[in-house]
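Quick mapping for you: the protein sequence lines, in order, are chains A and B. Residues in the first sequence are numbered from -12 upward in steps of one, following our numbering. Residues in the second sequence are numbered from 4 upward in steps of one, following our numbering.
In short, the hints are calculated from the structure, not lab data. Keep in mind that the hints are not guaranteed to be accurate.
Claimed, not checked - Selected chain A positions facing chain B (Cβ under 10 Å, derived; list incomplete):
1) R7
2) A8
3) M23
4) D34
5) E35
6) F39
Quick caveat, the model's predicted, so the values are computed rather than measured. All residues carry an ideal CB built from backbone N, CA and C; glycine is no exception.
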Amino acid sequence: MTLLSPVVARHGDLAAALVRAEESASRTWHDERFAMFEARVLRPLQDEDRRFAAALEAAHQTLLLAYQSLTSS
Amino acid sequence: MSDEVRAALSALMSLRSALLQHSRDGSDVVGAAGRVLQDARQAFAADLARRIADHNEAQRAYQACLAQRKGWCSGLEARVQRTQLRVVAAHRAVLLADEAASAFLPAQRRYSRESERLTADGLSFLSAAAPELESYLDATSHGGGAGATRSGGAGLATAVSSPPLLSATTLPGGTTLVPVDLIDDSDSPVKGPESFTKGYSPEDLRWSFDALHEVVLPGAAHDLALDYFRDRDHRERLTGTRSYAACYDGFFGDSAIHLSAGSDGRYVVANGYHRIWVARQAGVTEVPARVSR
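Construct all of the structure, not just a fragment, from the sequences and the given hints.
Below, the structure is given as structure tokens:
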């Protein structure tokens, strides 16, 4: 059976890529539109990434408990 | 200043790529997580069924032993107890997997919905910002001022200058901008230009996409509606398929592109195969569409 850990790792990669894209853009695009884009799009997307990562991790831990229940008997 | 604008334009294009990549990868992750959970639940259920069958078999053997009044049934009784514990453990695993799924699925739906909305909003934002920056570059490279309107482009009439940001929620007709990459049109009946037999050509639709981006969307952002575009058609002597009114009506009226959102974060086409085909051919990255869940 496949565990959720590869999915957790992959989601971590895509969330980190968005953070890197924001950091890279912030070095060259300084005006108020970038600040607005950060506030309206990038930060809410990162919040959603964090929220989804927490849900993925919770599902991963619960599935691990389920596997442990099976293998302990 | 010009270097700063060029850098901003480059950053904007990078952000656009990053948003599209994030959207694609996010859809893949959502799909993968759903498959893992579903596979786990099926595997746990199958294991529970096997253990129940073992337990039933153990009980039958034990009952048969008791019925024959033989004196050596204790081993079978122990097997019944052992298989019973294995059933309880498998049942617990099934309940835990169900619990994991029921807690995760709302989060999965929310992530798909919000990522899609924010990505569409972000792409719309960047689309609105790019012409402003490009027009600045055009103007400065030709000695004009920063407020000059964009020249060239699709050869359409001058767009409304400095369009405000178009949010996905402000598009007319309940439509929203959807990335073309997220649309699954693998079942499209449109195979090429020969599939256009309804009175308009691929070139007509390319014109319409240009009109959409250059005139209609900026106009809609200023709350201009069908009457305005009819009047503008009249003034510019545009008629039929190559008119702003037809463009507005086609993208936001009854015949708007209609998509159904799938559980994997992609969209199935209910109406609009021809426009989606043209969008792909023309390199258009997002289309307005009415989305049903």
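Status of the F39 (chain A) interface restraint (C-beta, 10 Å, chain B):
This interface hint holds because 4 Å falls under the 10 Å limit.
Interface restraint verdict for A8 (chain A) against chain B (beta-carbon cut-off 10 Å):
Holds. Min distance 3 Å.
Tell me if D34 (chain A) is really an interface residue toward chain B, meaning its C-beta lies closer than 10 Å to one of theirs.
9 Å, holds
Using 10 Å as the Cβ threshold, decide whether R7 (chain A) counts as touching chain B.
8 Å, holds
Hint validity - E35 (chain A) Cβ closer than 10 Å to any chain B Cβ:
Nearest chain B Cβ about 5 Å off; hint holds.
Does the closest beta carbon of chain B sit nearer than 10 Å to the beta carbon of M23 (chain A)?
8 Å, holds
In summary, this structure violates none of the numbered hints.
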